[in-house]
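Given the coordinates of chain C, assemble chain E onto it according to the supplied hints.
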Amino acid sequence: MQLTTPLDKQALAELRAGDAVAITGTVYTARDAAHAKLFELLDAGQELPFELEGQVIYYCGPSPTPPGKAIGSAGPTTAYRMDAFAPRLYALGLAATIGKGDRSRSVREACEEFGAIYLVAVGGAGALLAQRVTAAEVIAYPELGPEAIARLTVAAFPAIVGYDTAGNSIFPADAQHPRG
Amino acid sequence: MREIDCEIITETVYDLALEANYLLPERVLEALEAALARETGVARAVMAMLVENARIAAATRTPLCQDCGLVVVFAEIGRECHLSGDPCAAINQGVARAYQEGYLRKSVLADPFRRDSNTGDNTPAVVHTVLTEGDRIRLHLAPKGGGSENMSVVEMLVPAVGRQGVIDRVVAQVVAGGGKPCPPLIIGVGLGGTLEKAALLSKWAIMRPLGEPSPDADTAELECDILAAVNATGVGPMGLGGKTTALAVHVEKHPCHIASLPLAINLQCHAARHQQATI
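Residue numbers (our numbering), protein chains in the order written: chain C, 121 to 300; chain E, 1154 to 1432.
Honestly, the hints are just simulated from the structure, not real lab data. Possibly wrong hints are sitting among the right ones.
[Stated by the list, open to error] The calculated lysine to aspartate or glutamate pairs, modelled on EDC-like cross-linking and capped at a C-alpha distance of 20 Å, are:
no. : chain 1 : residue 1 : chain 2 : residue 2
1   : E       : Lys1396   : C       : Asp294
2   : C       : Lys157    : E       : Asp1269
3   : E       : Lys1259   : E       : Asp1269
Bound-form chain C, shown alone (with noise of 0.2 Å):
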């Protein structure tokens, strides 16, 4: 299945868990360093670096990029880091967030109760990952080094939908709590 970003309410509703997908357009990465930042900005009722609506973020800190590349390694940090942040952004109209294994419960009623999904990408996959990446760019805290905030140029990029907006996981672990 092509996802195309921005990504609209109804593609996204047509998903399932374990879905594969390939996504064409723009994603923004944001880890553990840069989520803080991003809800500092929140708090305070500050502009964010970029629009959530429709917008993917990636949990990615790629390799240094070599010269002549796009990006360096570039497969997904672990997701469950994030999950404190990941409910209110999706609650503000981020439509997918991009990452590896799973989450905690919240995340995934988030995504049910927001009409957002998680992607699931495969984590070690960096060298494969990369060569997705047509362009990338740092758009804000360049200070944190990998964990800056960039905006990428994806091009096919492979996942799978990990959470769907009806609540269904594709983790066997979850298997224990069903939902809907």
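Same frame as chain C, now just chain E:
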């Protein structure tokens, strides 16, 4: 006594650090390919990406994973060696150069509480020195990623839980980790000793060539039993379900106190990056 100029340690570490980040050990790649052959569905798709990733990383000299880890080095130093300087400093110099020149990610914070305290060169490495006989230095270098390390644990079990209790505890740790440590895993187990000895043994266990059984028959049997139990959980590649949750289990045992049963479980992700060299 054999005189060793520490510069050679620096140069060797430099090479090892680069190679470890770009090249998956032969045995690990073979194990991933074997897993690919037996998986189906999503698990198969994941394994196919991992095998392809290893090929791309080697061909383009791109890090296998963007988390180029915190470097762990076991330095086995022969008693007959006379070193010109501090081997830890020499190791750190090699790491710093490799991480700079190799476009490897610098992921080390000087202060765990200060997110702006990145050391900028991925040092210090964590170095464990071991004195051995002879006049050689054997360096084992492993960039250890944060994801799998975060799902590792040391626990002081009650001795009464016994062998089955150990198996159950390892299985529980793997199930709790789910996809977070990036299965398929290599599981290092340190059993016995003291709290810190068990932990060290669990990391040393990961350094073993993949799938090489313990030389002790009882321990080798325990490794097999743990592996079977872990794979029976169905956690699978990246925690998305499947037959291959672990590629191998390596157990290092040590004598321990009559009242204790220290158990350390160090998870290694599928990007099982380690290289070694002898000086």
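How the hints compare with the structure:
For the hint linking Lys1396 (chain E) to Asp294 (chain C), the alpha-carbon distance of about 18 Å falls within 20 Å, and the restraint holds. Between the alpha carbons of Lys157 (chain C) and Asp1269 (chain E) the distance comes to roughly 12 Å, so the proposed pair stays at or under 20 Å and holds. A C-alpha spacing of about 12 Å is found between Lys1259 (chain E) and Asp1269 (chain E), which places the hinted pair at or below 20 Å, so the restraint holds.
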